[in-house]
Structures are given as structure tokens and as C-alpha cells.
Amino acid sequence: MSSRDQILGRVRRALADVRDGEEKDAHDTAVPRDYLREHGDRTTEQTVDLLAENLADYRALVHRCAGEELPELLMRLLAARGARTVLVPPGLPPAWLAAADATRVHDRAASTPRELDEVHSVVTGCAVAVAETGTIVLDGGPDQGRRRITLVPDHHICVVRVPDQVVSSVPQALERLDPARPLTWISGPSATSDIELDRVEGVHGPRTLEVVLVSGV
Amino acid sequence: MPAFPTAAREAVGNKTLRANLRHATHTIRDKRARAVAELDDWDQLREAGKRIKDETLRHLDRHLIQLEESVTAAGGTVHWAADADEANRIVTALVKATGETEVVKVKSMATQEIGLNEALEAEGIHAYETDLAELIVQLGKDRPSHILVPAIHRNRGEIREIFAREMSEWGRPAPDGLTDTPAELAEAARLHLREKFLRAKVGVSGANFMVAETGTMVVVESEGNGRMCLTLPETLISVVGIEKIVPTWRDLEVFLQTLPRSSTAERMNPYTSMWTGPSQEDGPSTFHLVLLDNGRTDTLADEVGRQALRCIRCSACLNVCPVYERAGGHAYGSVYPGPIGAILSPQLRGTQSEIDASLPYASSLCGACYEVCPVAIDIPEVLVHLRERVVQGGEVTRHGTRVTLRPAKGHAAERAAMRAAGWAFGRPGALRAGQRLASGTRRFHPRTLPGPGRAWSATRDLPKVPAEPFRDWWRRTNGGRAEKGDKK
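So the sequences go chain by chain: L and S.
Everything in the first sequence is counted per the UniProt record's numbering, starting at 1 for the first residue and increasing by one.
Everything in the second sequence is counted per the UniProt record's numbering, starting at 1 for the first residue and increasing by one.
Since the hints were made in silico from the structure, they are not lab data.
Keep in mind that the hints are not guaranteed to be accurate.
Straight-line alpha carbon distances no greater than 25 Å define the calculated DMTMM-like cross-link-like pairs of lysine to aspartate or glutamate that follow [claimed, not checked]: (1) S:201 to L:107; (2) S:201 to L:154; (3) S:31 to L:198; (4) S:31 to S:47; (5) S:50 to L:175; (6) S:201 to L:115; (7) S:196 to L:201.
Only part of the chain L face toward chain S is listed, based on derived beta-carbon distances under 8 Å [claimed, not checked]: (8) 7; (9) 8; (10) 15; (11) 33; (12) 36; (13) 61; (14) 62; (15) 66; (16) 67; (17) 180; (18) 184; (19) 185; (20) 194; (21) 196; (22) 200.
All C-beta atoms in this analysis are idealised placements derived from N, C-alpha and C, irrespective of residue type, glycine included.
Based on the provided sequences and hints, a complete structural model is requested.
Dropping the structure here:
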């Protein structure tokens, strides 16, 4: 007997007390979903403010600008970090980095993690941002690129289109996401609390996370 | 492994350990309470989480088959492992097939439970733990003592010493002049591990959740070591307990709210990775899922005890437990310490060994663990149930077969004492005579009991016998009225 059959057989014997009658769609009816779809009543504007507040609370650096100011802001943010090279996802709108001096680096399938390690910064868009938790979610879309480009460099700038890409809560975010895509949820920069529970930012992921909330794009 | 009382006695005598533990557990429990208070619907989320897990367990066979189908459809390969040895053999063979002799690991309770690192080492494969706390434990040749913060028992000075001494053995040495500030220690770990991440070809992980409907794996973490292990290698092997299933994508909305707040007391943990099968374009091109039983189906067979399988490994119960706070995680003799460990380990492993028979007693039954549990596991109920099983024996399932347990040996004295008490309480004359004898000889009473009673008195102060039995006092003073002087 294969281990698969063995384990499934054990499960069925273990559940001899469970009646067969409740088989169909029991899950849908048996789980109460009376928890909240979002916490609190907010205007769209207040939801964006809450996102900014919660991102900052977890040590992300938050900036806000209008669409036409974005190239200039990104140029300044990269310059302030002394970034000479910047990773660019294939579908990032070219206008965003039009003013930046840093050399664009493209992520090719053949490039090794070690090559990515040499790059200073990365600029991406996002799929959705969650206000209540201060989270941005990347789904590998054209303006976000492969997971590794937001992981290996030490400085990540993420552009969130407000208010379109902002939702209030985790349940609302899951509804918008496609589970078939590789998803990365990011809440603040990499952090550890493993030493006496003192929070230290920056272990293996980017030590600096900057989030630009851009309106009118 | 010695029984819990023996192991705990040593830990309780270690002042540094107690101070480290007290600081850590109190810090995190206070933060958790604040994070939970932020959500008005915590009780509803807790109930939904409990029901989702219960419904999953009640139809686990169906969900496992659906999960297998969806992972396979997404391009992954599913393996089934009935026990630890089989899981280790599967993983070892998969690593060997890649031709690699190194793997990077994300912290995983399941792989600790089966002793995967040791099994790989025996086959000449080095497994590097990449979670900072796990690294501290691995370099210190130590054992983890907490589910979430495995090095909770170490303070910064001890960690600095371990890094300075051991890092060079495993790769990049610690920087010269390393101090004990957490930031410098984290930086040393970053440099040490980065060279391993960048060259790794095989990653090994667990998973916090597996979605049956979509075949999605979910790993919740903070440092980015998880993202490194899940993204950079060519081959990814995930070893996951069969109870980690949630049926639908939507179910994640409950646990992504309750898990971070219960475990690290954050609104959301810094990184959560979700992947559905491998991808040629983004991340590992080969994905293997090893579904692990290793005692879980035996636990499922126990109608009272099966609720332990609802556990999402948040560790909130450890941080509120007065016994854990004083005894520390090592005393539980398992990768699952604290209250949840006290009910999970004896069910996964059976109650035959001394340590497993003692674990249901490693509790004061105060109920704080039940209060904080985000999936409402009634830990005290299961503890009492397991105590009964240890003392009385009875029908249980081991390795899929019904067996009858005999009462555990160590509890003969307890049973004898209870029988004697029953006899005495049924005979008032004998009880009175016994009490008078006890009072009359109280100057000569020992501080500890002789014979089998020693185990009991070793962990407790013996109650002082009063100078006069209560019933004699009542008769002499007319229920206290004569003493107060208000004779009526």
C-alpha cells in the first residue's frame, strides 16, 4: 500500500464519528463569516491617510505626490541614496524614471542573484495596498517584475497609485488578487525581533522601503 | 529526555534563563493584547478560524485529495510521508537528485519535528538555517525553546559570544570587534547568510497554510530569509503537516488577520510569500510538496484531542503561560513547547515515554492559554483528558491502529493515595483518629515525603498540619462562638 493510501485510510478511520450526510459544501455553510469586511467607517481620502500612517508606523518612508511630480521625486529619492544603478521591471512606465540619473538595470532570466546584489535600488509599482495593516502586495505584474528584484537590492521604492490601488482590509485585498501569481505581501522593511525582542530593521530583505503614494496617474 | 519535572527543576534554578524568558514573554504578551484590541471583531474572527479548521479536519481526506490535484495541476509534485523517517528519506533523495550538498532552510516546525537537518547531515548534505533565531540555535549547537522566537532563552551577550566563536566554522566569520547591539548582530547574520543565499540551488521550507482550492502555499515571516529561500534556489522542497490545509482562498482572510497579531503582535508581519506551483520565470522551476502525517492521523482519531490540530503555531499560549515562563521551552522535550506542546507532543508521539507521560501535568490549568488562542483550542480540556489517559489507560490509536494503553507506571502512588483517601473519607472514625495522630506528631513531620510520595513533594511545599483537627476545634469552640466570647 502506498503512503498516500495509508494516510488517507487512517484519516477516514479517524473520522468514523463524522457523519457522511454533512459531506456536501459543509464548509460554506458551517463557517460563520460575520466578521467585518473593514474596520471603521472612512472616506477614500481617510483610507489613504491610514495607509500612510500604518506604513510609517512600520518604518517605511512615505512620500506623497501628484502624477506630474513623480519623475522629479523619484530622481531625488534615488539621488539621496547615492544610487548609481536602479533595477527596472520590464513594464514600469518609462516616464517615471525619465529624470533619474541612475543607470537602468534590467532583470534578465540569465542574470544571477550575485549580479542583482550589485544593484543599489529598485523601483516598482504594486498590485494592491492594504490601509489597515500598512501592507503593499506585489503580484509579479509588468511594473513589478520577478520577486527577486525587490528582495536582493537594499533599497526598494514602491509606487502606489492612490486611491485606485488602495483597499481598507485584508479581506478586500484577497478578493483583488489572483492566487495563480506569485504574491509578496510587504509590511515595512525587513525586520527581526529575535534578539531580546528588540526590533531591528533590515536583515535579509531591503533595509529601506520607500513608498510613494501618487495621485492622478 | 527526562520527565518534565526533572528538566524543569534545572531550568528554574537558572537565573539568567528565567530573566531572559520573563522579559521576552511579558514584552510580547502586552504587545499582543494591544494588537488584538485594535480589532472590534476579534471574537468573530476567532470563532471563524476555529470553525474553518474544524470543518477542514472533519473532511480532511477530501481536502487532501483536492490539494494534491491543485498542486499537481500547477506543476508541483506531491509526496506523502507517513512518518518522520519516510519524510526524511523523500527529502534526502530529492536533494541528492539535484547533485547538491547544501540546502538553505526557512524556519519550519515540521522539519524540526522530523529531525531533517540531522538526517541530511548523515547523508553528507549541509542544511543551513537562515532565520536569525534558528541560526543562533544552530551555531550554538543548542535546541530551540520557543515556537516563534527559538532563541528566546539567549540574551544579546550570549548571542555575540556564539557568533564570534562559531560563524567562521560555517562560512563567513563574524566581523572583528562585534558588539552585542542587536543591529550589529543582525548585520553579522546578514553578511554571513547572504553568501549562502546567493549560491543556493535548493531551498527547504515548511508552510503556514496550504489552500486546497488553489494549491497555494503561504509562508509568513519577517526577515526576508524566507523570501530568499523561496525565490532564489532552482528547487524548492516544502515539508508540511497535513493539518495545515485551509479549504478556500477566502479562508486566508481570517488567518492573515489573526496569526500576525497573535504571534508577533503586529498588524501584519513584514513579509508573506504565496506561490502556486513552480514558475519558469519567477522563482524555483521545480517544486516538491511533502505531506507529513507523523502522528497527526492518530491525533485526529481522538475526539477530544483532535482540536490540537487546529493550531496555527502562533505561540501566544507560550507567552502567557506561568509554567513556560519559569521552566523554559527545553523542559518540554519537544520542538513544540509550552501549553500547545503539552497537548500536541503526547498525541503526536504517544504517551509511552517518561517525558510524554509527564507533559499533560506541565500545567497549572489556569486557562490563560485558552483565552489567547486565536483558534480557541481548549488546552486545559485536552490536558485533563490526557491526564486521564495516562493514569487510567484506555483505547487510543497508534500508527493508525487501535490499541489499549495500560495505566502509566509512575502513577501507582497517585492511584494508591486516591484509593486510601476514598477509604478514609468513608469511615469518619478512622479519619478522626488519623487527623489526631497527624496533629499530635506534627513536630516530627519531614519536609519531603518518603518513598513514592517524594515525586509529589519535590515540586511542592508540604502543607503544614494544624495543631488541632478542624472537627475537634469545632466541637471545643462551638464553631468559633466560644472563642469570640459571644456565647449565646
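How the hints compare with the structure:
no., hint, result
1, S:201 to L:107, "holds (19 Å)"
2, S:201 to L:154, "holds (22 Å)"
3, S:31 to L:198, "holds (13 Å)"
4, S:31 to S:47, "holds (22 Å)"
5, S:50 to L:175, "holds (22 Å)"
6, S:201 to L:115, "holds (16 Å)"
7, S:196 to L:201, "holds (21 Å)"
8, 7, "holds (5 Å)"
9, 8, "holds (5 Å)"
10, 15, "holds (6 Å)"
11, 33, "holds (6 Å)"
12, 36, "holds (4 Å)"
13, 61, "violated (15 Å)"
14, 62, "violated (15 Å)"
15, 66, "violated (28 Å)"
16, 67, "violated (28 Å)"
17, 180, "holds (5 Å)"
18, 184, "holds (6 Å)"
19, 185, "holds (4 Å)"
20, 194, "holds (4 Å)"
21, 196, "holds (6 Å)"
22, 200, "holds (5 Å)"
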